[in-house]
Each structure stands twice: as structure tokens, then as C-alpha cells.
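> Model the full structure from these sequences, guided by the hints.
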Amino acid sequence: MGIRLRTFAFVAILGFSWLTPEPAQAQGSVVYIACWTALEMDPVLGHQVQVTRCRLAGGEIVEYRRETDIPLVLNPNLGVDNDGVCWFLTSMSTPYVIVDQAANGEASIAFDPPTGGNSSLVPLGYFRRCTSEPRVGVWEEGLIWEYLASYLHPPPTPEMSPPTGFGVTGVAAFAGVEVPGTHRAVIGDPINQLELEVRVIAVVIDWGDYSVVTYPPSQGVLAGFPDGGAWHLYTAKNGTTTLSVSYVWDVRWRSGGAPWQTLNVPPTTTTLVYPVSEIISVLSR
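Under the numbering used here, the letters of the sequence shown match residues 189 to 473, in that order.
Read the hints as simulated data drawn from the structure, not as lab findings. Among the hints, a few may not be true.
[Unchecked claim] Derived Cβ-Cβ restraints for the label pairs, each shown as a range:
hint : residue 1 : residue 2 : range
1    : V250      : D377      : 27 to 33 Å
2    : E251      : N292      : 16 to 22 Å
3    : P311      : E251      : 30 to 36 Å
4    : G408      : L244      : 55 to 61 Å
5    : N292      : T256      : 17 to 23 Å
6    : P351      : N270      : 57 to 63 Å
7    : E329      : V461      : 32 to 38 Å
8    : V374      : G247      : 27 to 33 Å
9    : G246      : G353      : 26 to 32 Å
10   : V261      : T357      : 53 to 59 Å
11   : N292      : E366      : 32 to 38 Å
[Said to hold, decoys possible] In the SDA-like style, the derived pairs of lysine to any residue whose C-alpha atoms are separated by at most 20 Å in a straight line are:
hint : residue 1 : residue 2
12   : K425      : A446
13   : K425      : E328
14   : K425      : N452
15   : K425      : E385
A virtual CB, placed ideally from N, CA and C, is assigned to each residue, including glycine.
Right, dumping it as C-alpha cells:
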């Protein structure tokens, strides 16, 4: 059995679009809906042993003495069993990966946005292994992450003036940045509906010369040349200046009219090389 295992960076880029999960087609199209661990008494050994049980798409439950006996490469998923939120394995496509796993089965799970330029994992925390059949779609934050996978805008695409390659010391460089509006949605099923609000609360520009400025999400301020307020004056030339622009997100949600809760969503960031040249005046006779 193969489990996706990756290292990750804590700075995450979420510019992507995620497709609805589809079952893997392999081994005669057998689909493993969920695989979890359980303890049962071994009649030969006379003590409890851990086994892996899997619910197949047709409703059948099969049991494996060793997880490596499962004939498919499975993916981690998050759900809720009899004891709460936990992780399990499935042959369905999921937006999650295991970053690290302890001997007791507890695992560090991260959200894995499909590659949309420069992207990395979003750490979600440590979760225990499911020890009874899990239900999916009931972990509220998991529902929100999956919704955000299809909603969040790609990283900003700044329009620079002077354009990239023509930056000059002593000449103001303007950044024009489109700011997405506030997005509201109701997700979940008719019984367990979640209200969701997503908005950009700031745009941060790292001009690449130790100057980092936070701008309000105002289209007027970020209008670019000539009227915008997001501009910078470079005082030294540098052919490899790296400029970055980030959306800072505020995501909040609530269930059934309860108080709002916040979800920590990392910024979406675009970086570009913005070389800065120097104009030298030469007197000639």
C-alpha cells in the first residue's frame, strides 16, 4: 500500500482550483470508500490484534491482517468516527496528505492544493487514526477547506509600472492589484448548514529591498500608475530584486446562527523578479 507522504512549508499558497473527488479505477474497479483500524481477538494467539477493515463501494466490508495487503495505493482522508475527528484511508482522490505519522497511528495532516504555480501544503494539525467506520462530510472545518479549494482566487497578478525589466532607481514603481470582493456562501446539507464569509482584508507588498508595506484592500489605493497609492522608490540598483504581493484572507464561519468562528487561511502570494537599473548621466562635448 502506498500513502502520500510529503514534507511541507508553513508558508502556503492557495491559488488553485480543486476538482470533485473521483474514485480510482484499478484492480477491477474496486473502490475502497474507507479503511480504518480495529482490534479483534486472535483465537490462535489468544490476545487482541490490530486489523484493517475497509468498506467497499458495493457495501461489503473486507478485512486485512496487514495494511500492506490492500491491493491499491490509498489516500488519507478526514472524517468523524464514534470518538470524533480522525483520519482514514480511501481510494478516492482527496485534498489531504500525511506529513508525518507516529507509531500509534496519529498523523500530521496537511491540505494539498493542486499545483497552480507556486504552491505548498497547508498544515491542519495532528489527527488520530479512525478506529471505527468514519463518516465523511461532517467535520465542519474539513467542509470549509474543501469549499475553499474551489473558491479561493489565484494569487494576485500585479501590474507593474514601469513594467518588469524597466525598473529604475529614483523613478517611482507603481503596483496595480485587483482586489476580489467579499464572498458569502452557505455550504453543507440542509440539516447541517454552514454560513461562510471570505474576504481580503489587506494586500502586502514586499518590494524586495527590505521594504514591506501593508495596504488596505482598496481598489483606489491599488489602482496602479498614475493615481494609485501603492508605489515605491528604489534607491539602489539590483538585477535580481524579488518583489512579492500577497492577499491576506479573513475567513469566518458559523453553524445554525452560532457565534462566528475564524479559520486561519494562509496568504496567497505571487513573486516576480523586478530588476532595478540605474541611469547615469554623462556629459559630452
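> Does the Cβ pair E329, V461 satisfy 32 to 38 Å?
Check passed, 37 Å falls within 32 to 38 Å.
> Tell me if the straight-line CA distance from K425 to E328 falls inside 20 Å.
The given pair, whose Cα atoms are some 50 Å apart, is violated under the 20 Å limit.
> Should the hint that G408 and L244 are 55 to 61 Å apart at their CB atoms be regarded as holding?
Check passed, 57 Å falls within 55 to 61 Å.
> Is 32 to 38 Å respected by the C-beta to C-beta distance linking N292 and E366?
47 Å, violated
> Taking the CB of G246 and the CB of G353, does the distance hold inside 26 to 32 Å?
59 Å, violated
> Is the hinted pair K425 and N452 satisfied, with a Cα-Cα distance of at most 20 Å?
Violated, at about 37 Å.
> Between V374 and G247, does the beta-carbon spacing fit 27 to 33 Å?
This hint holds: roughly 31 Å between Cβ atoms.
> Does the Cβ distance between V261 and T357 fall inside 53 to 59 Å?
54 Å, holds
> Take a look at whether the Cβ-Cβ distance between N292 and T256 falls inside 17 to 23 Å.
Since the Cβ atoms of N292 and T256 sit about 18 Å apart, the hinted range of 17 to 23 Å holds.
> Are E251 and N292 spaced within 16 to 22 Å by their CB atoms?
The hinted range 16 to 22 Å holds for E251 and N292, with Cβ atoms some 21 Å apart.
> Does the beta carbon distance between P351 and N270 stay inside 57 to 63 Å, or does it fall outside?
For P351 and N270 the Cβ distance comes to about 59 Å; the hint holds.
> Tell me if the straight-line CA distance from K425 to E385 falls inside 20 Å.
Not satisfied, since the Cα-Cα distance of roughly 43 Å exceeds 20 Å.
The earlier numbered hints that this structure contradicts are 9, 11, 12, 13, 14 and 15.
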